[in-house]
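Quick note, the sequence shown lines up with residues 11 to 112 if you use the numbering used here.
Honestly, the hints are just simulated from the structure, not real lab data.
A few of these clues could be false.
Unchecked claim - Mimicking DSBU-like on lysine-lysine, the simulated pairs with C-alpha atoms at most 35 Å apart in a straight line are:
id, residue 1, residue 2
1, Lys102, Lys44
2, Lys80, Lys44
3, Lys102, Lys80
Said to hold, decoys possible - With beta-carbon atoms standing in for the labels, derived distance ranges:
id, residue 1, residue 2, range
4, His106, Gln54, 19 to 27 Å
5, Val52, Thr101, 48 to 56 Å
6, Val96, Asp36, 26 to 34 Å
7, Glu108, Leu41, 23 to 31 Å
8, Thr19, Asp91, 39 to 47 Å
9, Asp109, Asp59, 17 to 25 Å
10, Glu67, Asp91, 28 to 36 Å
11, His106, Pro17, 48 to 56 Å
12, Ala60, Pro17, 39 to 47 Å
13, Val58, Glu98, 46 to 54 Å
14, Ile64, Ala87, 20 to 28 Å
15, Val79, Arg31, 24 to 32 Å
16, Glu67, Arg28, 36 to 44 Å
17, Leu41, Phe63, 22 to 30 Å
Idealized CB from N, CA, C, for every residue including glycine.
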Amino acid sequence: MTSPLDPETWMTAQAVLRRSRDLGLDPIEELHRKGLILSPAVKQHIRVDALRFILTELQTWRPAEMLRVKFDAHHTASPADMQACVCEWLTKHITHAEDRTS
11 MTSPLDPETW MTAQAVLRRS RDLGLDPIEE LHRKGLILSP AVKQHIRVDA LRFILTELQT
71 WRPAEMLRVK FDAHHTASPA DMQACVCEWL TKHITHAEDR TS
């Protein structure tokens, strides 16, 4: 079975656990202090930050402009067209973000 952690994170976690054991510290607190554990509050904070980022990006790209690019000026766009444009934009945005991290 492969580890979901990259080698650097694994080594850091092992070092923190060894250090906490040697010094008699709480290992969970030490892992949290090093940013190696996501608490529910931190997960919620990440979710909210991601949603704020999406909102900012969406406002920057303007959905009306997305419709203009996808359809010609004579096309009367429906809410379904708007949803398709936003979903297409979001898919491209996610793909771009994934490409940057790999």
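Status of each hint after checking the structure:
Among the hinted pairs, Lys102 with Lys44 is consistent with the structure: their alpha-carbon atoms are about 33 Å apart, no more than 35 Å. At roughly 46 Å between alpha-carbon atoms, Lys80 and Lys44 are farther apart than 35 Å, so this suggested pair is violated. With a C-alpha separation of about 14 Å, the suggested pairing of Lys102 with Lys80 holds against the 35 Å cut-off. For the pair His106 and Gln54, the supplied restraint of 19 to 27 Å holds, since their beta-carbon distance comes to about 25 Å.
Checked against the hint of 48 to 56 Å, the pair Val52 and Thr101 fails, with Cβ atoms roughly 27 Å apart. Between Val96 and Asp36 the beta carbons are some 45 Å apart, a value that contradicts the proposed interval 26 to 34 Å. About 27 Å separates the C-beta atoms of Glu108 and Leu41, a value consistent with the hinted range of 23 to 31 Å. Look at Thr19 against Asp91: about 43 Å separates their beta carbons, and that is inside 39 to 47 Å.
Remark: the range hint 17 to 25 Å for Asp109 to Asp59 is upheld by a beta-carbon distance near 21 Å. For Glu67 and Asp91, the Cβ-Cβ distance of about 20 Å falls outside the hinted range of 28 to 36 Å, so the restraint is violated. One distance hint, 48 to 56 Å for the beta-carbon pair His106 and Pro17, is violated here, with the actual separation near 27 Å. Look at Ala60 against Pro17: about 26 Å separates their beta carbons, and that is not inside 39 to 47 Å.
Take Val58 and Glu98: their Cβ atoms lie about 25 Å apart, and the range 46 to 54 Å is violated. At roughly 21 Å, the beta carbons of Ile64 and Ala87 sit within the given window of 20 to 28 Å. With their beta carbons about 58 Å apart, Val79 and Arg31 fall outside the hinted range of 24 to 32 Å. Between Glu67 and Arg28 the beta carbon distance is about 42 Å. The supplied range of 36 to 44 Å therefore holds.
Between Leu41 and Phe63, the C-beta spacing of about 27 Å keeps the proposed range 22 to 30 Å intact.
The structure does not agree with the numbered hints 2, 5, 6, 10, 11, 12, 13 and 15 stated previously, though it agrees with the rest.
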